[in-house]
Every structure is written in C-alpha cells, then in structure tokens.
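Chemist: Start from the sequences, fold in the hints, and give me the full structure.
If you read the protein sequences in the order shown, they are chains A and B. All letters in the first sequence, in the order written, are residues 3 to 430 by my numbering. All letters in the second sequence, in the order written, are residues 9 to 630 by my numbering.
These are calculated hints, taken from the structure and not from any lab test. Glycine included, every Cβ here is placed at the ideal spot set by N, Cα and C. Hints may be right or wrong, so weigh each one.
[To be verified] List of simulated lysine-lysine pairs, DSS-like, C-alpha gap at most 25 Å:
#1 B/117 / B/469
#2 A/322 / A/336
#3 A/119 / B/296
#4 B/589 / B/559
#5 A/119 / B/620
#6 B/469 / B/494
[Claimed, not checked] Reference listing, derived: stretches of chain A covered by chain B, where coverage requires no fewer than 3 residues with Cβ under 8 Å from a Cβ of chain B:
#7 166-177
#8 386-398
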Amino acid sequence: MDTIFALASAQGKAGVAVIRLSGPNAHPAAAGLTGGTLPPRGMRVRTLHAGDGSRLDDGLVLTFQAPASFSGEDVAELQIHGSTASVNAVMRSLSDTEGLRLAEPGEFTRRALENGKMDLTQVEGLADLIDAETEAQRKQAQTILAGELGALAERWRRDLIRAASLLEAVIDFADEEVPTDVTPEVRSLISGVMADLQREAEGVRIAERIRTGFEVAIVGLPNAGKSTLLNALAGRDAAITSEFAGTTRDVIEVRMDLGGLPVTLLDTAGLRETEDHVENLGIELARKRAEAADLRVFLTENPTELGVEMLVGDIQVFPKSDLRDVTEGGISGKTGQGIDQLIAQISRVLAERTTSHGIATRERHRVALDNAREALGAAMAVLESGPDLYDIAAEEMRTAIRALETLVGRIGVEDLLDEIFSSFCLGK
Amino acid sequence: MKHSKFDVVVVGAGHAGTEAAHAAARMGAETALVTLSASDIGVMSCNPAIGGLGKGHLVREIDALDGVMGRVADQAGIQFRLLNRRKGPAVQGPRTQADRALYRAAMQKETHAQQRLTVVVGEVVDFLMDGSRVAGIRLADESEIHAEAVILTSGTFLRGVIHIGDVSRPGGRMGGRPSVKLAERLDSFDLPLGRLKTGTPPRLDGRTIDWSELERQDGDEEPTLFSFLSTSVVAPQISCGITHTNTRTHEIIEKNLSRSAMYGGHIDGIGPRYCPSIEDKIVRFSDKESHQIFLEPEGVNDHTIYPNGISTSLPQDVQQEYVRSIMGLENAEILQPGYAIEYDYVDPRVLTSSLSLPDAPGLYLAGQINGTTGYEEAAAQGLVAGLNAALEVFGRNPVHFSRADSYIGVMIDDLTTRGVAEPYRMFTSRAEFRLSLRADNADQRLTHVGLQLGCVGDRRKARFGEKMEMLTAAKSKLSERTYTPKEIRAVGINVNQDGNRRDGFAILAFPDVAFDDLIPLVPSLREVEPDIRLQVERDALYANYIARQQKDVEAMKRDESYEIPRDFDYFLLEGLSSEIKQKLSQARPETIAQASRVEGVTPAALTLLLAKLRREQKVRKA
Chain A
3 MDTIFALASA QGKAGVAVIR LSGPNAHPAA AGLTGGTLPP RGMRVRTLHA
53 GDGSRLDDGL VLTFQAPASF SGEDVAELQI HGSTASVNAV MRSLSDTEGL
103 RLAEPGEFTR RALENGKMDL TQVEGLADLI DAETEAQRKQ AQTILAGELG
153 ALAERWRRDL IRAASLLEAV IDFADEEVPT DVTPEVRSLI SGVMADLQRE
203 AEGVRIAERI RTGFEVAIVG LPNAGKSTLL NALAGRDAAI TSEFAGTTRD
253 VIEVRMDLGG LPVTLLDTAG LRETEDHVEN LGIELARKRA EAADLRVFLT
303 ENPTELGVEM LVGDIQVFPK SDLRDVTEGG ISGKTGQGID QLIAQISRVL
353 AERTTSHGIA TRERHRVALD NAREALGAAM AVLESGPDLY DIAAEEMRTA
403 IRALETLVGR IGVEDLLDEI FSSFCLGK
Chain B
9 MKHSKFDVVV VGAGHAGTEA AHAAARMGAE TALVTLSASD IGVMSCNPAI
59 GGLGKGHLVR EIDALDGVMG RVADQAGIQF RLLNRRKGPA VQGPRTQADR
109 ALYRAAMQKE THAQQRLTVV VGEVVDFLMD GSRVAGIRLA DESEIHAEAV
159 ILTSGTFLRG VIHIGDVSRP GGRMGGRPSV KLAERLDSFD LPLGRLKTGT
209 PPRLDGRTID WSELERQDGD EEPTLFSFLS TSVVAPQISC GITHTNTRTH
259 EIIEKNLSRS AMYGGHIDGI GPRYCPSIED KIVRFSDKES HQIFLEPEGV
309 NDHTIYPNGI STSLPQDVQQ EYVRSIMGLE NAEILQPGYA IEYDYVDPRV
359 LTSSLSLPDA PGLYLAGQIN GTTGYEEAAA QGLVAGLNAA LEVFGRNPVH
409 FSRADSYIGV MIDDLTTRGV AEPYRMFTSR AEFRLSLRAD NADQRLTHVG
459 LQLGCVGDRR KARFGEKMEM LTAAKSKLSE RTYTPKEIRA VGINVNQDGN
509 RRDGFAILAF PDVAFDDLIP LVPSLREVEP DIRLQVERDA LYANYIARQQ
559 KDVEAMKRDE SYEIPRDFDY FLLEGLSSEI KQKLSQARPE TIAQASRVEG
609 VTPAALTLLL AKLRREQKVR KA
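Modeler: Now the structure itself:
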C-alpha cells in the first residue's frame with residue numbers, strides 16, 4: 003500500500019496550511035523531515051528540514067495511529083505557515099521521499115471508506131460538508147456525516163430482516179415448533195418501515211434543495227424592473243456567492259445565502275406576446291424555468307397577464323413604487339423600498355418548507371427508498387392471503403432489503419438465519 | 009503385498025462416499041470404494057429420515073443427475089410427507105422416514121450392481137504421493153491402490169471423540185474406529201482445521217413405550233417420492249408418535265447440567281443451532297415449558313425408536329431419568345445411550361468449486377469432513393467430487409454448479425467462499441433464486457447437464473426426453489396464439505379489460521387461474537397429461553418473478569465469467585484494507601461473483617479487484 007500525501011487546506015496564502023500524509027510510511031516520512039522521532043499518537047512542535055539539511059519551516063506535527071485516524075491508516079499532519087512557497091518546498095521534499103506519492107483527488111476519503119471508517123452515505127455527507135456554503139447546508143451535511151442516514155437504514159433493515167426471518171422460519175422449519183401464521187407481526191413491522199420510507203422519500207426533494215439550492219424566479223413584463231430588483235437584492239443583505247450566465251443569455255442566475263438557505267435567483271426574460279421568433283424562444287424558456295422554480299416572485303400589478311400560474315406561497319409585488327403611489331406591497335429596485343420585506347418573505351416561505359425535510363438528500367437515496375417501498379407494498383398485498391403465499395412475500399422482502407442496502411451495505415442469508423436462531427428454539 | 013490400479017479411489021462409504029463412487033463409475037471411471045466394513049455401506053448413523061426443506065431439493069437434484077440417494081430412499085421410505093404442502097411449490101420439500109435395514113439393503117444392492125465400481129474392505133492409513141500429487145492410498149495390510157484421483161469422505165472420523173456425560177473415548181460413531189494415522193497425513197498438507205460437534209438422542213425400545221395416549225403423525229395419503237423414475241411406494245407405511253418434555257424433565261436436566269459433556273466443559277467444538285441438544289434448548293429457551301419430541305420408528309421390523317428432539321451428552325443414568333419423566337416413556341428402555349461427538353473438519357474455503365484441494369492435486373474432499381451435516385448435503389458433495397474426479401481423470405474441464413441453477417451450486421459456493429461457522433445444513437432460504445430452484449423442476453434444471461457430462465443412464469435419458477417433449481408440446485399449445493380480454497372473459501376467467509392480448513401462458517400466470525380453466529379457450533389442452541398440466545402450472549405461477557430475477561441472474565453470471573487467477577496476490581492490491589486482503593486470501597475466490605460473497609467484501613473493494621484484473625488481462629493480451 004502506498005503512502006499518499008496532499009495539501010489538505012485550500013491553495014493560496016493563509017495563516018496556516020495543513021499537509022496530510024496517510025499510509026504505512028506516514029510516520030517515518032514525517033519524522034524524517036523533523037530529523038528526530040515522533041510519538042505514535044500526539045502533537046509536537048518541530049523544525050522541518052529538506053533532504054539536504056536546509057531548513058524548510060517551523061511547524062506543528064500531529065500523528066495518528068491506525069486504525070484510530072481519519073483514513074484508518076497511520077496518518078501524520080504537518081501544520082506549517084500558509085505561504086505558497088513554504089507549502090511547495092515541503093511538498094517537494096515529500097515527493098522526493100521513497101515510497102510516497104501525491105494523493106489522487108478523494109483518495110484519503112476512499113481509503114476511509116475502504117477501511118470501514120465511513121459508509122457510502124457518510125462519504126456523501128463529507129463531500130456535502132466541504133461544499134457547504136450556508137448554515138442549513140452545513141447542518142444537513144453534518145447529520146449525514148454523523149451516519150444518521152446509515153443508522154436509519156440500519157434500523158429499517160433490522161426490522162425487515164426480523165420480518166423476513168419470521169416468514170423464513172415458517173417456511174424452512176415447517177415441521178418444527180414454530181408458529182404457522184406470523185402475518186400480523188410481519189405486517190406491522192412492514193407498515194412501520196413503509197411509513198418511515200414514505201416520509202423520507204417525500205423529504206428528499208426539500209433536502210436536495212438544501213443541498214443544491216432553491217430556485218426563486220423573478221417574473222414580470224419587459225421593463226418591469228426585474229434586473230434592477232435582482233441587483234438590489236444582490237447588493238443588500240444577501241451576499242452573492244457566485245454569478246454566472248444561465249443556459250441562455252436570457253436567464254441570469256445569482257446564487258446567494260438567504261437566512262442560511264442557499265438560493266439561486268433567476269432573472270428571466272420579460273414575458274409578453276411577440277412576433278419576434280428569437281424573443282419568443284427566450285420567453286418560452288423563461289416560462290419553463292419559472293414554472294420549474296421552487297418559488298416565483300411576480301413583479302406585476304396583474305399576475306394573470308404573464309402566462310405563468312401563481313402557486314401557493316408565490317409572492318406578488320408591485321413594480322417601480324418609486325414612480326407611483328403604492329403603500330402596500332410596493333417595491334423599487336432603484337430606491338430600495340420594500341427590498342427588506344421581500345427578502346424576509348422569501349426566507350420565511352422557504353424556511354417553512356425546510357421543516358419537512360428528511361435525512362436522505364439525494365436522488366440516489368430517493369430511488370432506493372421508492373424501490374424498497376414498492377416491494378414492501380407488494381409484500382403487504384400478498385400477505386393478505388396468509389401463509390400460503392409466504393414464498394412470494396419473502397421474495398418481495400428480499401427485493402426491499404436489497405434496495406435499502408444499496409444505501410449503505412449488503413445482506414447475507416446468515417443475517418436471516420442468525421435472527422431465526424436467536425428467536426426460535428429449533429431442532430426436533 | 010497387493011497392488012492394484014483404479015481411475016478413482018473413494019475413501020469412506022458413507023452417504024458422500026457412495027454417491028461419489030457411483031458418480032465416478034457412471035462417468036466411466038474404474039472406481040474403488042474403500043470402507044472399513046462392507047456392511048457399513050448405506051448405514052444411516054443419525055436419524056432415520058431422508059429429505060426435508062432444502063434437503064429434499066438436494067435429493068431431487070442428485071436424482072436428476074442419475075445419483076442413487078433418491079432411488080434408494082424411495083425403496084426404503086416408510087412414511088412420505090411433502091413439507092409445506094399448502095405453500096408454493098418452490099418451498100415444498102419431500103421427506104420420508106426410512107427403514108434403516110431396507111435403506112442399507114437397497115444401497116448395497118445398487119452398489120454391487122453398478123458397473124466399474126469395486127468395493128474394497130480395509131483401513132486406509134496413508135496416501136501414496138507422487139511429488140505433491142496424491143496418487144493413491146495405502147491400506148493397513150500394506151497393500152496399495154494407485155489412482156489418478158482420490159476422494160476422501162471420512163466424515164467424523166478425523167480425531168473423532170465420543171462423549172457420554174463425563175466419559176469420553178476416541179471414535180467416529182458408535183462402533184466405528186477413528187482414523188488417526190490418516191489424520192496425521194492430512195496434517196502434513198497443512199490444511200486449516202476446525203472443530204465441530206454433533207449429537208444423537210438415546211435410542212428407545214418401542215415395545216416399552218405406551219403408545220396408547222400419544223398423538224400420531226401419519227404420512228401423506230398420496231406420497232411424493234424422490235426419484236423422477238420411481239412410480240410407487242415399496243415398503244409398508246407407518247406413522248410416528250409425538251410426545252413432549254415437561255417441567256419435570258427440565259428440572260432433571262437442569263439439576264444435572266454440570267454432568268453434561270457440553271456444559272461440563274469437555275467439548276470445545278461448535279454445534280449446529282438448528283439441531284441443539286436438549287440441554288441447549290433448556291438453557292437457551294428457559295421460558296419454554298415443553299419441547300416436542302417425534303418418536304420415529306427405525307424400521308418396519310425394528311423395535312428401535314429414534315426420539316427426535318432430545319439429543320444429549322448427559323450421563324446414561326440421567327438420560328434414563330429424564331426419558332422416563334416424559335409421557336408415554338414412563339417405562340421406556342434405552343437400547344443405546346445418546347452421545348455427543350466432536351471431530352475435525354477442513355475449512356472448505358481451501359477447496360475449489362470442484363471440491364478438489366489445489367495444494368494436493370488429485371485429492372478431493374466431500375461430506376462431513378468439509379463442515380456440513382446431513383446425509384443429503386454429504387451425498388450432494390459426493391456427487392460433485394465424483395463427477396469432477398472422473399472429469400479430471402479423462403482430462404476434461406470440471407463441472408461448475410451455479411447458485412442460479414441448483415441448491416448444489418448454492419451449497420458448494422457457500423462452503424468454498426464463506427466457509428462454515430457451525431455444521432452447515434441446507435435451507436431453502438439460502439437460495440436467493442429459490443422460486444426457480446424447485447424440487448419439482450430439478451430434472452429440467454439438471455438432467456440435460458448430466459446428459460452432456462455422460463453421467464445419466466439410458467432409462468432416465470428416455471424418460472426425460474419424453475417428459476420434455478410433452479412439456480414443450482403443452483407450452484407451445486399455450487403460446488401458439490393470443491387472446492383479447494373479451495375472449496378470455498367469455499370462458500369465465502376474470503382479466504382486466506386493458507386491451508392487451510395475452511397468450512395462454514400469461515393467463516396461467518394469474519394466481520387464481522388453473523390449467524383446466526384454460527381448456528375452454530384452448531381445447532387442444534385437453535390432450536395434456538395430468539402431471540404435465542401440473543408442471544406447466546408451476547412454471548407459470550412464478551413466471552413474473554423469475555423474469556424479474558433474470559437481471560440478477562445475468563449480473564451474477566457475468567461476475568462468474570470474471571475469473572481470478574489462483575495465484576492472485578491480494579496483498580499487492582492497492583487500496584484494500586488488510587482485513588479484506590486477509591479474507592480474500594483465505595477464501596481464494598475463483599471468480600468475481602465468489603469474491604462478492606466473501607464476508608466483509610465491500611462493493612468498493614470489488615471495483616478495485618475488477619479494475620486490477622482487467623489491467624492484467626490487457627497486459628497479458630498485449
């Protein structure tokens with residue numbers, strides 16, 4: 003197994019930079035730079051030297067011993083001054099060390115996964131945490147990183163294995179003293195899990211929004227002041243986190259943090275009837291994007307004139323309040339009137355929606371949950387016929403358990419037999 | 009000193025050994041079956057029954073390959089019962105009580121009738137070696153038998169120790185001699201060994217049992233036989249008695265627990281959880297006030313009763329005391345005390361899926377020595393070892409049984425990739441493709457494989473050919489045209505009026521439609537024989553599920569096609585944890601499919617392994 007190293011902190015100038023080493027040679031290589039010895043697990047202040055004896059930098063050297071480390075291997079971390087030159091010098095020295103190589107992207111995490119330090123969902127959680135820009139994203143990533151989805155899947159799996167083992171016991175030990183009808187207990191275990199699955203699957207859409215961002219579209223007639231409003235929103239309490247052109251020049255996206263939630267504001271083409279073919283294409287796109295968005299801000303006096311349906315939670319504001327006499331719901335990108343109220347209202351609507359989010363966050367999770375739910379539904383249906391169709395019910399259970407396992411791990415028949423043997427006295 | 013030469017030598021004439029010898033001989037190999045005593049052939053040393061759930065499936069598969077166990081069991085069966093009769097056909101398992109004497113007689117007759125099969129009486133003390141290759145055996149009288157392949161089926165004889173209470177002595181089973189010398193030879197191969205135990209109940213004299221108060225269990229009115237060639241029951245049919253332990257029985261056992269070999273600390277081997285001793289049952293399930301006991305006659309002309317459910321390693325006087333606390337057994341005489349037996353087994357993960365030992369070419373292991381329990385499991389392994397030994401002798405490729413085509417495949421794969429933690433017994437729940445691996449279609453799954461191999465005789469070949477012809481004819485009648493929902497409803501079958509046209513087979517796949525319901529729609533079906541009707545019905549019943557599983561089967565077959573070289577060094581594979589490397593090195597999977605079933609192997613690890621194999625393949629091609 004190679005020992006790998008990489009800069010663990012961000013590139014560029016900073017107070018401190020962290021270089022991480024993982025693998026069997028991590029400790030000797032770190033000790034080599036210090037010219038002395040290091041404890042198997044601990045923290046030392048040391049001066050680092052290059053191979054030719056020249057001084058590289060002063061730093062803090064942390065050592066972790068396998069398996070009690072991030073990757074599950076021996077790990078060393080060098081915390082040095084965060085100058086590009088210092089980092090490059092130390093990295094060069096490490097590349098020259100026998101048995102060390104630069105890590106590939108994600109390789110530390112992959113080793114952690116392979117050494118059983120994390121399950122698949124936790125790796126996803128870690129990736130989310132590193133990408134997290136807002137408070138809600140951070141909290142969500144932390145939940146997954148802590149293994150809560152894995153734990154939840156484990157609990158469902160345990161219940162389903164229990165249910166399947168009841169069926170299998172009736173099938174495989176037909177001539178022994180096991181109950182002949184376990185339908186009520188099996189059904190109650192299945193319906194408990196199904197209710198949970200349903201809730202989680204429904205929460206995935208919201209959770210995925212927290213992860214990837216909510217889309218809020220500003221719609222209105224041409225020249226209603228949408229762009230001015232967008233600029234005003236972007237320039238006020240909301241911090242712009244990125245800005246880039248949309249898929250066409252007619253949709254501008256601005257990503258921002260609204261009350262801890264990631265939001266992408268869409269500035270769409272003005273909606274109107276036109277003979278211009280090219281403009282029509284842009285309008286069609288604007289309508290589609292607006293309809294697919296999580297929330298729409300109607301910048302108009304009359305929402306029905308735009309050809310976009312106003313849904314529950316959507317917001318209407320009256321444009322260019324600086325030019326006319328509006329007291330309630332008026333807004334002006336130019337003077338800033340009503341901007342704070344609009345931000346508060348968007349935040350409130352989205353925050354309300356996030357209260358229903360679940361732990362599962364990805365489409366992959368939702369597919370697994372739905373597949374499991376479908377198989378369990380089929381199992382419930384055949385169970386109505388009682389023990390005669392247990393062979394079919396057991397097959398559906400197997401499908402459901404396998405679907406859940408794609409979330410985290412896998413099942414062996416030994417798990418089933420273990421459950422059977424611990425519950426029944428078998429062997430006539 | 010005598011010398012002789014055979015193609016295949018089988019050591020041990022238990023259920024694994026006889027089936028192995030018959031299989032090799034059917035394949036055309038000159039075969040010697042070596043046993044300590046010719047009268048041991050066909051002995052049932054444990055309970056007098058064949059078949060059951062999973063086990064019955066194995067017997068049908070052995071029969072489909074023209075093996076002997078099914079035919080012999082049909083000759084000796086004295087109480088046939090199809091377990092799970094009311095449930096789906098996939099989980100129905102044939103079982104019978106067997107008359108010990110009839111079973112032994114039938115097996116000996118088959119064995120003597122089999123061409124190219126010679127029974128040799130003697131004690132095997134050593135292998136003949138040709139370098140690292142096993143090239144035959146040496147007997148205690150110094151005579152030598154040379155052979156291209158040797159199949160060892162020594163059961164519990166490897167360092168077997170029998171315990172009755174605190175008394176123990178070496179021995180394979182009651183009356184048998186342990187083969188210590190051979191064990192020393194095996195040690196020189198440096199095989200990983202483990203220790204297991206199993207037990208038997210005291211045998212009772214049926215004439216001293218008061219049957220009048222006891223519940224009886226009869227066989228099925230229409231017996232389901234094992235062999236696809238058998239047509240009717242031969243032996244007289246009997247019924248079994250049922251009684252129960254009670255709180256008094258449990259008190260006696262609890263009071264004497266410290267005198268039990270198992271609880272007194274005399275036994276280290278691990279026993280099977282599904283066949284626990286009565287001591288175990290009472291300790292582990294202390295809230296149960298009563299356990300069921302089946303009183304199984306060992307034969308029609310035999311007074312011996314096998315009380316199934318009270319195997320024990322308590323001292324003889326305690327056995328007597330607790331037996332007599334049970335209803336109906338108040339005056340029962342014990343003919344032979346129950347005992348526990350401890351023995352060595354070889355960790356089957358060192359074996360290939362042919363059951364050969366790569367480190368000792370020419371040697372095959374089958375049966376209890378591989379950590380299994382049960383006659384059926386032993387016989388099925390014997391069959392696999394016998395076929396492959398003969399194939400090796402003839403320089404042909406080994407036969408591989410897949411999890412997707414048979415319980416035999418499930419068992420061999422479980423043993424060679426996962427190993428055993430307790431004596432391994434077959435269950436239907438071990439087979440992930442259970443719905444297609446049925447006792448009723450074992451011939452359709454395997455007989456054609458046997459025909460290709462050459463282990464199927466003319467009689468079965470003819471019978472199988474006729475049956476397949478009739479099945480194909482019936483199925484083509486069903487699928488020759490499609491019907492509208494209106495046409496289908498017109499004959500009284502309730503289907504959705506969804507506009508979809510369906511053929512007869514699709515209509516039969518509806519759970520509440522029987523074959524006979526289709527006759528008004530497809531009048532030519534009237535010509536189909538009753539047993540063929542039943543078979544078609546069963547095939548249709550699971551058709552939708554089997555189609556769904558087909559994707560899994562294909563994925564597995566694909567994984568099975570990625571072979572891993574025998575000498576693959578997992579420790580050179582980057583990115584695998586040392587624990588996974590260890591486990592893979594132990595299991596030595598032959599394919600990616602097997603690797604995926606090694607305990608603890610993650611999908612990520614498989615991806616790495618597959619990537620590495622592909623790289624190496626490219627290098628080799630280049």
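Chemist: Against this structure, judge whether each hint is valid.
Modeler: Each hint, compared with the structure:
{"no.": "1", "hint": "B/117 / B/469", "verdict": "holds, 22 Å"}
{"no.": "2", "hint": "A/322 / A/336", "verdict": "holds, 8 Å"}
{"no.": "3", "hint": "A/119 / B/296", "verdict": "violated, 42 Å"}
{"no.": "4", "hint": "B/589 / B/559", "verdict": "violated, 29 Å"}
{"no.": "5", "hint": "A/119 / B/620", "verdict": "holds, 23 Å"}
{"no.": "6", "hint": "B/469 / B/494", "verdict": "violated, 43 Å"}
{"no.": "7", "hint": "166-177", "verdict": "holds (count 6)"}
{"no.": "8", "hint": "386-398", "verdict": "holds (count 8)"}
Checked against the numbered hints given earlier, the structure breaks hints 3, 4 and 6 and satisfies all the rest.
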